[in-house]
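Enquirer: Sequence:
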Amino acid sequence: MQKILEQKGGDYPKVIDYACGSGHFLIEAVEAINAVHPAENNDWAGEHIYGIEKDYRLARVSQVSMFMNGAGKANIIFGDGLDNDKGVKNEAFDILVANPPYSVSAFKSHLKLKNNQLTLLNHITNNGSEIEVLFCERIEQLLNSGGIGAVLPSSILSNDSSSYIAARQLLLNTFYFRAIVHLGSKTFGATGTNTVVLFLEKMPYPDLHPKS
1 MQKILEQKGG
11 DYPKVIDYAC
21 GSGHFLIEAV
31 EAINAVHPAE
41 NNDWAGEHIY
51 GIEKDYRLAR
61 VSQVSMFMNG
71 AGKANIIFGD
81 GLDNDKGVKN
91 EAFDILVANP
101 PYSVSAFKSH
111 LKLKNNQLTL
121 LNHITNNGSE
131 IEVLFCERIE
141 QLLNSGGIGA
151 VLPSSILSND
161 SSSYIAARQL
171 LLNTFYFRAI
181 VHLGSKTFGA
191 TGTNTVVLFL
201 EKMPYPDLHP
211 KS
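Residue numbers (UniProt numbering): 1 to 212.
These are computed hints drawn from the structure, not numbers from a lab.
Every value quoted in this text rests on a predicted model; they were computed, and no experiment measured them.
We treat Cβ as the ideally placed atom computed from N, Cα and C, and that holds for glycine.
Careful, some of the hints might be misleading.
Ranges of calculated distance between the beta carbons of each label pair, as one might list FRET restraints [as the list claims (entries may be wrong)]:
id	residue 1	residue 2	range
1	Ala35	Met68	15 to 21 Å
2	Asp11	Leu113	30 to 36 Å
3	Val36	Ile165	34 to 40 Å
4	Glu40	Asn144	27 to 33 Å
5	Ser161	Ala39	45 to 51 Å
6	Asn34	Ser154	30 to 36 Å
7	Glu40	Asn173	42 to 48 Å
8	Ser103	Asn34	33 to 39 Å
9	Ser109	Gly184	29 to 35 Å
10	Asp160	Asn41	48 to 54 Å
11	Ser158	Val64	35 to 41 Å
12	Lys73	Ser154	35 to 41 Å
13	Gly184	Ser129	17 to 23 Å
Under the rule of at most 27 Å between Cα atoms (straight-line distance), these lysine-lysine pairs were calculated in the DSS-like manner [as the list claims (entries may be wrong)]:
id	residue 1	residue 2
14	Lys114	Lys86
15	Lys14	Lys54
16	Lys86	Lys54
Given these sequences and hints, build the entire structure.
Expert: In structure tokens, the structure reads:
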């Protein structure tokens, strides 16, 4: 994030968490930006901070959290982070931070995307649980350039099923991998899922040639 802030100069970066939960990552982002751009208030957040949350209760909690931390004008949207509605445009963001859902059984039957097409859906069976694959594609859609820090299951790097291979191919073709941090299985309570944090930077001109 520091590098992106330096590149933006005096401008504020546009930040999104497309599965923001209670808003913790967004609050951290606001604090990091304020450290570089001290201001009398956080009115700038109204044009630069976006969170999307599918759980209405958590969306409300996130909005209150932002208000309590001085960024009440931040855009906290009750909606599906995989969709394009609610005024969230593709290639509009400089920074994405997120810990999206993963391993959701038979999620395809409940997925209702009104305004978006995700090509990786074609690699997932009707009973598949790898929803994190779609959130990888959504990362590529949302960022114009710049970077991400996303918590994902470690299977995104090693699973050999078609959907995971396609997700890795997409990330390799469109992002520079700056760092991978292995968190283990106890970082997020009792989920028991091994997770990693991917620190990526989007290529200015995505590589259309597959990498192996």
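Enquirer: Given the range 45 to 51 Å, decide if the beta-carbon distance of Ser161 to Ala39 lies inside it.
Expert: Between Ser161 and Ala39, where Cβ atoms are some 47 Å apart, the hint holds.
Enquirer: State, for the Cβ atoms of Asp11 and Leu113, whether the hinted interval 30 to 36 Å holds or is violated.
Expert: Taking Cβ atoms as reference, Asp11 and Leu113 lie about 32 Å apart, which means the hint holds.
Enquirer: Look at the Cβ atoms of Lys73 and Ser154 and judge whether their distance stays inside 35 to 41 Å.
Expert: Holds - the Cβ-Cβ distance for Lys73 and Ser154, about 37 Å, lies within 35 to 41 Å.
Enquirer: Note whether the CB distance of Asp160 and Asn41 lies within 48 to 54 Å or breaks it.
Expert: holds (51 Å)
Enquirer: Holds or violated: 35 to 41 Å for the Cβ distance of Ser158 and Val64?
Expert: holds (38 Å)
Enquirer: Would you say the C-beta atoms of Ser103 and Asn34 sit inside 33 to 39 Å of each other?
Expert: At roughly 35 Å between Cβ atoms, Asn34 and Ser103 fall inside 33 to 39 Å, so the hint holds.
Enquirer: Between the beta carbons of Asn34 and Ser154, is the distance compatible with 30 to 36 Å?
Expert: holds (33 Å)
Enquirer: Do the Cβ positions of Val36 and Ile165 conform to the proposed distance bound of 34 to 40 Å?
Expert: Holds, since Val36 and Ile165 (Cβ atoms, about 39 Å apart) stay within the stated range.
Enquirer: Looking only at beta-carbon atoms, does the pair Glu40, Asn144 fall within the given range of 27 to 33 Å?
Expert: holds (29 Å)
Enquirer: Lys14 and Lys54: Cα distance at most 27 Å?
Expert: holds (21 Å)
Enquirer: With 15 to 21 Å as the target window, see if Ala35 and Met68 comply at their CB atoms.
Expert: About 19 Å separates the Cβ atoms of Ala35 and Met68, which means 15 to 21 Å holds.
Enquirer: That 29 to 35 Å hint for Ser109 and Gly184 (C-beta), does it hold up?
Expert: holds (32 Å)
Comparing the model with each numbered hint stated earlier shows that all of them hold.
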